[in-house]
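The hints should help you fit chain B onto chain A, whose structure is shown.
If you read the protein sequences in the order shown, they are chains A and B. Heads up: the first sequence is residues 1 to 200, going by UniProt numbering. Heads up: the second sequence is residues 1 to 200, going by UniProt numbering.
Be aware that a few hints might be false.
[Claimed, not checked] Cross-link-like lysine to any residue pairs, in silico, SDA-like; alpha carbons within 20 Å at most: (1) Lys179/B to Glu149/A; (2) Lys179/A to Asp147/B; (3) Lys81/B to Asp73/A; (4) Lys179/B to Asp147/A; (5) Lys179/B to Arg151/A; (6) Lys179/A to Ala150/B; (7) Lys81/B to Ala195/A; (8) Lys179/B to Thr146/A; (9) Lys179/A to Lys179/B; (10) Lys81/A to Ala82/B; (11) Lys81/B to Arg194/A; (12) Lys179/B to Ala150/A; (13) Lys179/A to Thr98/A; (14) Lys81/A to Arg151/B.
Don't read these hints as lab results, they were simulated from the structure. None of these values were measured; they are calculated from a predicted model.
Number of protein chains: 2
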Amino acid sequence: MTTPRRDTYTPETLLSVAVAVFNERGYDGTSMEHLSKAAGISKSSIYHHIAGKEELLRRAVSRALDGLFAILDEDGATRGKALARVEYVTRRMVEVLTAELPYVTLLLRVRGNTRTERWAMERRREFDQRVAELLGAAASEGDLRTDVEARLATRLVFGMVNSLVEWYRPDAPGGYDLKQVADAVVRLAFDGLRAPGPPA
Amino acid sequence: MTTPRRDTYTPETLLSVAVAVFNERGYDGTSMEHLSKAAGISKSSIYHHIAGKEELLRRAVSRALDGLFAILDEDGATRGKALARVEYVTRRMVEVLTAELPYVTLLLRVRGNTRTERWAMERRREFDQRVAELLGAAASEGDLRTDVEARLATRLVFGMVNSLVEWYRPDAPGGYDLKQVADAVVRLAFDGLRAPGPPA
Numbered sequence: 001m002t003t004p005r006r007d008t009y010t011p012e013t014l015l016s017v018a019v020a021v022f023n024e025r026g027y028d029g030t031s032m033e034h035l036s037k038a039a040g041i042s043k044s045s046i047y048h049h050i051a052g053k054e055e056l057l058r059r060a061v062s063r064a065l066d067g068l069f070a071i072l073d074e075d076g077a078t079r080g081k082a083l084a085r086v087e088y089v090t091r092r093m094v095e096v097l098t099a100e101l102p103y104v105t106l107l108l109r110v111r112g113n114t115r116t117e118r119w120a121m122e123r124r125r126e127f128d129q130r131v132a133e134l135l136g137a138a139a140s141e142g143d144l145r146t147d148v149e150a151r152l153a154t155r156l157v158f159g160m161v162n163s164l165v166e167w168y169r170p171d172a173p174g175g176y177d178l179k180q181v182a183d184a185v186v187r188l189a190f191d192g193l194r195a196p197g198p199p200a
Numbered sequence: 001m002t003t004p005r006r007d008t009y010t011p012e013t014l015l016s017v018a019v020a021v022f023n024e025r026g027y028d029g030t031s032m033e034h035l036s037k038a039a040g041i042s043k044s045s046i047y048h049h050i051a052g053k054e055e056l057l058r059r060a061v062s063r064a065l066d067g068l069f070a071i072l073d074e075d076g077a078t079r080g081k082a083l084a085r086v087e088y089v090t091r092r093m094v095e096v097l098t099a100e101l102p103y104v105t106l107l108l109r110v111r112g113n114t115r116t117e118r119w120a121m122e123r124r125r126e127f128d129q130r131v132a133e134l135l136g137a138a139a140s141e142g143d144l145r146t147d148v149e150a151r152l153a154t155r156l157v158f159g160m161v162n163s164l165v166e167w168y169r170p171d172a173p174g175g176y177d178l179k180q181v182a183d184a185v186v187r188l189a190f191d192g193l194r195a196p197g198p199p200a
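Excised from the complex, chain A in its bound form (with noise of 0.2 Å):
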């Protein structure tokens, strides 16, 4: 088994170091030469990769985007009734944000001060319109209650799903594994956690 060196940097590797770097301090309180010390490589090294931060920030928050957007692309989420794809794509952030999730983390602390986070966030909204009116589809075939306005509901499923940004962590010991996280979020979204009463 070889360890991989320090000094064998590919833009890969780069980009993880600088994303763990900018949701620590911040992608605007983070200067060439913080990356350039926590990756231990000098600032022209990195010049030899990327043209600057700002181009890291757009492949670290494409990689996050690119991973959510091709959640819609398949097949659980175009074939069905609309209430079941709407289910799959809920399930599917869960382990998309799980599996890129310093990249998520990132994307969903992105402000707006720069061409490339207007961007991001752009895309964001584009993301969230898409699940907004697979939730309005499944309204229409009427599958969704009808007193939770589609919106309303998309900002609230969304808010639910991007907390675990802020605490879940896949290898934490005794923590909740992936499955058991994705179960509870779709459970508590699309049924709730009351116990289900008796017939009527």
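Chain B alone, transformed into the frame defined by chain A:
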């Protein structure tokens, strides 16, 4: 009708300016200089009111925490079946969050770098724990589904409620009113989005 004058600062008005600056710049990123500029008064005038920025933080997060903990002493939170109590607490959390939006926003963003921040996080955990206990009691009374673990359910409900600070603005034109949002949160959390099915 009299217009409040800027130079008649009270601890209360100073607090509200400070909270806005903390939320915009982050607590760590805020200096007394920033507070002085935002308040339009000299630093020495600020020190006339308070010992330093940590005192402002303590007062601000105390206001949020006092609002939240007060819920737990209300009749709706102490009488009746646990499920009704936890539904009541959930609705009131949305109301307090909205009424004290900048203060709760600050509380949720606190990161634990100072003693006051760590104290605030500890109090937040106590509050979460109290709500988790209520959910546990509702489960023991057979009123909650058994396939979503109580602690995980608490996390998800808090995730949904707390996410309101990211987008909900009570005064936004064309926005949702408080009752609409509180109803939606309680319906989603306890009954889910799925339309009630035909009787089994």
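Status of each hint after checking the structure:
1. Lys179/B to Glu149/A: holds (13 Å)
2. Lys179/A to Asp147/B: With Cα atoms ~12 Å apart, Lys179/A and Asp147/B stay inside 20 Å; holds.
3. Lys81/B to Asp73/A: violated (45 Å)
4. Lys179/B to Asp147/A: holds (12 Å)
5. Lys179/B to Arg151/A: holds (16 Å)
6. Lys179/A to Ala150/B: holds (16 Å)
7. Lys81/B to Ala195/A: holds (14 Å)
8. Lys179/B to Thr146/A: The given pair, whose Cα atoms are some 16 Å apart, holds under the 20 Å limit.
9. Lys179/A to Lys179/B: violated (34 Å)
10. Lys81/A to Ala82/B: violated (36 Å)
11. Lys81/B to Arg194/A: holds (13 Å)
12. Lys179/B to Ala150/A: This hinted pair holds, its Cα atoms lying about 16 Å apart.
13. Lys179/A to Thr98/A: Given pair Lys179/A, Thr98/A holds - Cα atoms ~11 Å apart, limit 20 Å.
14. Lys81/A to Arg151/B: Between Lys81/A and Arg151/B the Cα gap is close to 32 Å, so the pair fails against 20 Å, i.e. violated.
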